[in-house]
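Got chain Z sorted already, so can you dock chain U onto it with the hints?
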Amino acid sequence: MRIEGRGLIDRDRAVNFYFDGHRYQGFEGDTLASALMANGVRMVARSFKYHRPRGVMTAGSEEPNALVTVGLGPAQEPNLRATVVEVSEGLWARSQNRWPTLGLDLLAVNDLFAPFLGAGFYYKTFMWPRAFWERVYEPLIRRAAGLGALSGEPAEDRHERAFAHCDLLVIGGGPAGLMAARAAAEAGADVILAEEDTRLGGRLLAETDEVDGLPGAEWAAEVAAELAAMPNVRVMTRCAVTGVYDQGTYGAFERMAPGVADRPGAPGGCFWRIVARCAVLAAGALERPVTFADNDRPGVMMAGAVRAYVNRWGVAPGRSIVVFGNNDSAHRTVADLQEAGVHVAALVDARSYARSDLDVPFYPGAQVCGTSGRRGLEAVTIATAKGEERIAADCLAVSGGWNPSVHLVCHMGARPVWDAERQAFLPPDGAVPGLRVAGAAAGVFSTRGCLESGLAEGLRALRDLGLEAPDIAAPMAGDQPYDIFPLWQVPGRGRAWLDFQNDVTVKDVELAAAENFRSVEHMKRYTTQGMAPDQGKNSNVSALAVLAEATGQGIAETGTTTFRPPYVSVPIAALGAGGRGKGFAPERLTTSHAETLRRGAPTIEAGLWHRPGYFPRKGEDHWRQSCDREVAMVREAAGICDVSTLGKIDIQGPDAARFLDFVYTNTFSTLKPGRVRYGLMLREDGHVMDDGTCARLGEQHYLMTTTTAAAGQVMRHLEFVHQCLRPDWDLRMVSVTEQWAQFAVAGPKSRDLLNGVLDAPVGDEAFPYMSCGAVSIGGVAGRLFRISFSGEHAYEIAVPARYGAALFAELVEEAEAVGGGAYGMEALNVLRIEKGFITHAEIHGRVTAFDIGMARMVSAGKDCIGKAAAARSGLVDDAREQLVGLRPVGAVRELLAGAHLFDEAAEAVSDNDQGYVTSACYSPTLGHVIGMGFLKHGRARIGERVRAVDHLRGSETICEVQDIVQFDPEGGRLRG
Amino acid sequence: MAELRAETPCAGLVPVRVAGLSLSEVAPGRMTSVAPYRGQERALSAALKSAHGMAWPAPGRMTGREGARAIWFGQRMALLVGPDPDPALAAHAALTDQSDGWAVLRLEGAGAREVLARLTPLDLRERVFEQGHTARSELAHMAASVTRMGGDAWQVMVFRSMTATLVHEVETAMRRVAARGIFP
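Chains as they are written, first to last, in the UniProt record's numbering: chain Z, 1 to 976; chain U, 1 to 184.
Warning: the hint list may mix true and false statements.
[Unchecked claim] Derived contacts from chain U toward chain Z, CB cut-off under 7 angstroms, selection only:
(1) Ala2
(2) Tyr37
(3) Gln98
(4) Gly150
(5) Arg160
(6) Ser161
Since the hints were derived computationally from the structure, they do not count as laboratory data. Each residue gets a CB set at the ideal place from its N, CA and C atoms; glycine is no exception.
If we strip away everything but chain Z, and leave its shape as in the complex, we get:
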């Protein structure tokens, strides 16, 4: 029912939209709620628990009833409030929580069982049998009671996240917020004005107040235009500040305007992190209902919302309206309705002393005590001194007073303060550093008061910012006093709703109190009051007032529940924007990556790096075939492997040598330039942190290598040791991991292969095992290290990364010419297990040098990080699990990493646990499966038999304990 000539909608721009499959027409500027109302649709939802018919109740994000699902398929968004969904051409919205349809909802049968479904019903009823809860009861209850749902299909990752910074953040663009923003903007501060609504103005858009002689909405539009034109102001509409965090950080969720969201590449919504030096909270206030019997019928609305629909959207919420309140909001509503030509059947004012000049049946000192109507309101029952009276009406506008929106002020733990005069919780002072509260959020309810309060807080913020106050004054506006008579509930027969979203009634709260859930936090959890999308925005204060009465405490003593972010619901898709799939973490790709893919190698992740698993050749259709071949290639000819991913740290300075002596367990000051040494590094707690080789490139110049996964951790550790423990030592370090592309050239033919590539050949005498030096490849200066992770005669050759791709291709080609080729991580792993070389599968953070058989590497002649802690008696106990080799010797030849070790005859239960398998593989070189693992007293048990049991995968293997080096224990191949 449109009212001609009113509202801020664009009547020249009609848009078609769909609700529950029916086509309707609205106008640009309409919300789904206002457009449905204009089309005479009253019932828009079914309630959470009892499936009662529900209609639109409010005109903002606090809406508890009109939750809808918008969109279809993967992009569908559930639980959006029809009161803030903008209509746009083709909008597809559906009601929720009904089956099969909104009109005929079979689950409405729940309403008949209502006497049994009170608070705590589930806890009391579905206790037995216990196992039924998860599998039977809960799914059943969830189906019957609920909200909308996601599609279950993967949706496109369309949201985004962004950061913003400002001097002053103004939260809310009503009269107070506009004044605060204007003052700060004119003073030259960087201002962000965040407004949840689609346009600035706040209540001015919904009322008929004048500001500076202009209609409020026009004044707001003028200020908005002024602000938008200033380069130091950023107006963010459709942007709700959702949370307050430490150090002036605010979270906010921005919805996109329908026209923007449809553009290709546009975000669906944006989660902002705004960092502000100061903030002014001008979030306004929310009107609260009065509780009376059957107060949930479609047609029962908040009085302020009724004015909003009439004044802002030019739509009448009913043909005959009763207005009920305990404050002047009711009178304003009647005046606005009459001015718009809508029939008002009665004005019911709970204040007996109230007066009215309005031409309306007026009932001072009366209360609404009941309603009737099947699918919507048909009549209202009022209780007067003379008795009860029934008045026909299809809409009831209710005002129980206003609750300042103190939510954000309380996000850091503060509690609001009860003010008896205004019957409202007010924001506490200084609850959030840098945040001031203005306007209705601070309990200032007149328009003039809001304008003045906004200006004053804006000026105070400027003082904090050290900026000069501009010369501006608050404009003229109405300054009505706020007169309220406390009224929370009207006694009567039948259920009286407090929390419409969660179907919580007065009786539920009283029951909670009777069952000793007397604390407001307990009551909330027992009854579910104040949960779900609306977080009890229009029910919390009323519910705790009812609780206060039931427990005989005052409202102030009862207090509120804890306010937590987010203020309005934020899609998880927005919080996690960009994080799906590969967006989860950056990919680190080696210079050989393209060639690796060209050769069909599947990649596996090591840290953030993507490394080849194996390089399949024609005829190989199982990874083991490729892996076995690659191992044989390295053992018999030459293999090439990209090892650029290992961390490389360049360390220089007069104290570099003693620094390394301090961080490694063994000694590096004695290492000669041109030589390489294996090093072991402990954490301060004495456990092994990492291992790797370290080359001495010059007298004061070392190059440390770390494992791929621990590169960052080692760098951080070194910085800590230098900056905090030995700041007096003179050395500098920097990562050069990415500067150099480095390739292992391993196998008996590696030297000859290299000599085909290097500008000058290397010989064994000049370049023995564990030496390093500068080389030249086609004129490019590189580095050569004779080190081996395969146990073969091997090198690692490094060139500046720009040449990595070319050198890898060249080396692989040369290797293939001599019967070798590229090898991947699988073969690399087999080669090192055959040799008993450790990785982080073994040094997983809980083992000591003693455990891995390297106790002798902890130099006795010097101190090092972790040495003292590693000497604690518990860390050098022979009974500790020690690293050993394993070899299946029974009928089962399978060995799985992760299996646990038990004595051969013992039962495989945790009490008998003797250790576990860390690495296992098939060794093509030895012709059988081998493994490594930790075993109690391990080193003393070589030759014994143990049982490896993998309970998860159901595998059991008898193993013989071996030395960890199972191939070429003398190392002749390595040095030769």
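Below, chain U alone, put in the same frame as chain Z:
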């Protein structure tokens, strides 16, 4: 004897152009991390000045000019970009070649700041992050160096291995910004 062909970090990934925004690769020339030894800052600054014409940069600042710049690069460290480092610097600082370790990109055009605002928590406001200001920070989960080269021109550096991720992230943000039509 091998002949090695050089490849830049961004080969095949850029340029990317969306509306008035562009992302392109910079050929920085030689890049050397310069880390002064204890008490050598003053002497190093003088040596830098006489050899390369720029002073040692204060934290968060860039010195020098096109072709020879020193960009603050972390705790007591700068990146000398452009020239081969004068051997005299080695008396005062650890010099390490980083020419191949970093991808250097330039993001340019109206709205470039808004693109970066989707990727990094840095405060890049006109009056806060001026031309010649630089920072080491997180950018789309990557450790990055961000420098303002001009009004709407920014230099972004990440480890070479992450170039593809960087380009993808920046391009996505460019499309978002362009679609919103944010051009302050």
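Gly150 (chain U) as an interface hint toward chain Z, with CB separation required under 7 angstroms
Nearest chain Z Cβ about 18 angstroms off; hint violated.
May I ask you to test the interface hint for Tyr37 (chain U) with respect to chain Z, counting a Cβ-Cβ separation under 7 angstroms as satisfied?
Holds. Min distance 5 angstroms.
Hint validity - Gln98 (chain U) Cβ closer than 7 angstroms to any chain Z Cβ
holds (6 angstroms)
Does Ala2 (chain U) pass the interface check with chain Z, least Cβ-Cβ distance below 7 angstroms?
holds (5 angstroms)
Given Ser161 (chain U) as an interface hint, is the shortest Cβ-Cβ distance to chain Z below 7 angstroms?
holds (4 angstroms)
Taking the least C-beta to C-beta distance, is Arg160 (chain U) closer than 7 angstroms to chain Z?
Hint on Arg160 (chain U): holds, closest Cβ of chain Z at ~5 angstroms, below 7 angstroms.
Hint violations for this structure: number 4 only, all remaining hints satisfied.
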